[in-house]
Structure formats: structure tokens, C-alpha cells
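Visitor: The lines below spell out each chain.
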Amino acid sequence: MRITQGTFSFLPDLTDQQITKQIRYCLDKGWALNVEYTDDPHPRNTYWEMWGVPMFDLRDPAGVLYEVNQCRKAFPDTYIRLSAFDASPGWESIRLSIIVQRPKEEPGFTLERTEHEGRRIGYRTRAYSANKPVGERY
Amino acid sequence: MQPVADEGRPESVNLQAVFEQSGIAEVLDQLDRELVGLVPVKTRIKEIAALLLVDKLRKEMGLVSETPTLHMSFTGSPGTGKTTVALRMANILHRLGYIRSDHLVTVTRDDLVGQYIGHTAPKTKEVLKRAMGGVLFIDEAYYLYRPENERDYGQEAIEILLQVMENQRDDLVVILAGYANRMERFFSSNPGFRSRIAHHIDFPDYSADELFEIGQLIMGQQNYRFTPAAEQAFRDYIQQRMRQPHFANARSIRNALDRARFRQATRLFERRAEQLTAEDLMTIEADELRVSRVFEGGIASDRTREELA
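For the record, the sequence lines run as chains L and G.
Residues 1 to 138, numbered by this note's numbering, are exactly what the first sequence covers, in order.
Residues 1 to 309, numbered by this note's numbering, are exactly what the second sequence covers, in order.
Below 25 Å or equal to it, Euclidean Cα-Cα: the simulated DSS-like pairs (lysine-lysine) are:
| hint | chain 1 | residue 1 | chain 2 | residue 2 |
| --- | --- | --- | --- | --- |
| 1 | L | K73 | L | K21 |
| 2 | L | K21 | G | K59 |
| 3 | L | K21 | G | K125 |
| 4 | L | K21 | G | K56 |
| 5 | L | K132 | L | K73 |
| 6 | L | K104 | L | K132 |
| 7 | G | K56 | G | K42 |
| 8 | G | K123 | L | K73 |
What follows is a list of derived Cβ distance ranges for each label pair:
| hint | chain 1 | residue 1 | chain 2 | residue 2 | range |
| --- | --- | --- | --- | --- | --- |
| 9 | G | Q232 | L | V53 | 50 to 60 Å |
| 10 | L | Y25 | G | Q244 | 53 to 63 Å |
| 11 | G | E213 | L | G6 | 55 to 65 Å |
| 12 | G | Q163 | L | G135 | 23 to 33 Å |
If you want the ones that stay clear, here's a sample from chain L, every Cβ over 10 Å from chain G, calculated:
| hint | residue |
| --- | --- |
| 13 | D77 |
| 14 | P89 |
| 15 | L96 |
| 16 | G118 |
It is worth saying that the hints were derived from the structure and are not from the lab.
These numbers come from a predicted model, not from an experiment.
Glycine included, each C-beta is placed from N, C-alpha and C at the ideal position.
Throw the hints in and build the complete structure from the sequences for me.
Guide: Below you can see the structure in the form of C-alpha cells.
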């Protein structure tokens, strides 16, 4: 099951050329870009691992794409996303986030029902891949 | 190689039109206007610009597809205009479409080489990323290589630099700068660099007349002028200064003029009770130059200030 989160996630995956254009847009706005990766696809998994520090003083997309490619090389089969931070309000807030790499196979989620007192039913989602330990999921 | 027939490609091109459209004439004119002397450098830059323009047309006609190597080395004494020319070069390359923006990142060894194991690679990469899309100007590049210390981290920076210079030619143009003889030694111990650099430009030292003209230009830009006597004093000053150690061409001239302005301000301040005209505020007198230590034959005490500037 294809994970959809962040910007343009319902479109087919962006090509490097399209990603470059998005980076250009962010840099023109003065946003800092950050590369993050994870192997836990759960939607509530907000804090992904950081690949290096956010890039604050770049002028050209090539530098960002370089880091994306370095991350892809190091983690060829995980999720990688690119986030853009806007510091203009006085704090860093995310303006844009694109998934730039996903594992070849995404097994998807199972929906589990948990029964509580009365006839109340709770639901939880669990990624099939999360059954394996971190680092061996994909 | 046969030209590839393609409907999108023009049959013929007008070099003049492309030249005018690129706007590099403007940059070259500016170079002529703002930089005194440096005739061989200007000629080389015009040649390079012509080559790049023709290469661009050849690319449009489908005759070549590869990006030419653009890395350069600027050699010459300090104060001969290497940084200024590098800025113009960035502008020319940008207008010709070889780089995406005309920004120039100036670095020295300290910005590239780390202080402990594992520090160099991220540091160098950080600088390279910052320079991508534009020009990376490495001042005094020969310091990167220190043969006397085999554990020096400079070598690591050199390797990363070479790799990026080779693989990401579309993203980055590197200009190395430094003294001619030390750069020569640097290149002979790092043959990889020499073969990756397409254009070597040598910056000659300025003649006394050129230095005088530069001084006039600097003063003119700041709305100062010499009295005739001061003009003569300035010429004498240049003659003396050129023969003394640590002479840094145009930079020495600029520093000398800064000091003259300083003395002029002191003189004016001493007669602050009088009414001053704009003329007074603009004029540099001969005395302001004559009191310089240079005329006493030594700059030992000037030297530290000169180097700090």
C-alpha cells in the first residue's frame, strides 16, 4: 500500500528534475531544507531520523539534491523525505514536505480492533513492516 | 561528429545577435572600465568568453553535448585583482548560462580543512554545497597541500574537491588562486588538479603608472582629489613603496590612501574652528602622503597594519 503523506503525495513520485524545481521554490522563499529518513511508515511517526543538519545557507538546489542522493545511497530501501522550514515567524515551521524515496515494496497496514468495556471498540493501525525490528524492515 | 538533424534546431545562428543578447559585452566593458591595466588578463577573459559563446552555439546546433571544463586557476601577486576578476567571471559564466546563479563563494584552507579526523569531509562538502550553482573561489589554494606533514587533512579536502570538480561539472566551477610559483609547485605535486583546470590566467604586477591610475580611480569613487603637489607626492610614494617588502599592488595603494584620508581628517579636525567648504573636505594635500614612513625607507611598523587590512 502506497504511503501518502506530505506534498504531492497523491501524484506519481516526483522525478529528480521535479524535485529540483521544488527545492528551487523553497530556496527562493528563503526556507531551510532538511533530509530525513525512516523505516517506520506509521502516519503518527512524526519525528524521522535526520540526515545531517538542516541546510540553512544554500543558494542552489544542487547542494540539496546532493544530500538527498547521499542519503539514498546510504539507505536505499527506506522512506526519505525532504522538508522545508520557514523561520520567518520567529520559529521554524514546516511549509513543505515531499517523500523523495520509498521502499520497493510497501506491505501496508493492518487495522486491529480492540475491545473495551461495554461494547466500545478501539482501532489501531499497525504497519506489517513494523513487525520486524528496526533496520530489517525493508 | 555529424550534426544531428532535429526539427527544433536552427539552421543558422547569428553570433552577433547571441552576443548582444547574452549581455556579456556589458560585463567586459565594465571590466575594461573598472580595472586598470591587466591587458593580458582581459584578453584571456575575452578569449574564454568567445570560446564559451561559440561552445554554447555549437551545443544549440547539436554539435557537442558535453559541458566544457570551466575550472580555472588565477595566479599572480597579491592585490592584482584576482578576486575582482573572479567576481566578473562568475557574472560572465552566469550570463552565458554555464552556471545557474552568479554567486561567488570565497574560501581559504581554513574553510575546507578540519581540525581532527573526520572533520574535513563534512566541512569541505558543506562549502561545496554552498557554492553549488555558482563559483567556488579558493584563495591561496596551495595551502591545501602540505607535503611536510603527511598526516595533514588537506589531502582529504583535495580528494573531495577533485571528485566534485570531475563529477558535478554542471553544478560548480572552481577557481584556484595564489602566487604563481607556489601554485606551480602545488600543481606539480597534485597532477589531478592541473589536468582538470582548463584555463590558467596569470595576473601581472602593475606598473607605477597603473598604480597611480588605480589610486586616482579609488579617490574619485570616494569623492576625494589630490592637489597637484599631492599628486607628485603620490607618484613618489608609489615609486618608493614598490621597492619595499610586502608590497601588495593595488591593495597597498588602497591602504596608503586610507591612511592619507585618516591624516586629512586629523588635519581638518585640528582647524575645526574655521569654516570648511566641500572643497576642503575633498582635498588631500601633499603632506598627508609625505609623512608616511615609506619615505623614511622602512615600513616595519606599517607591515602589521598592512597585513591586517
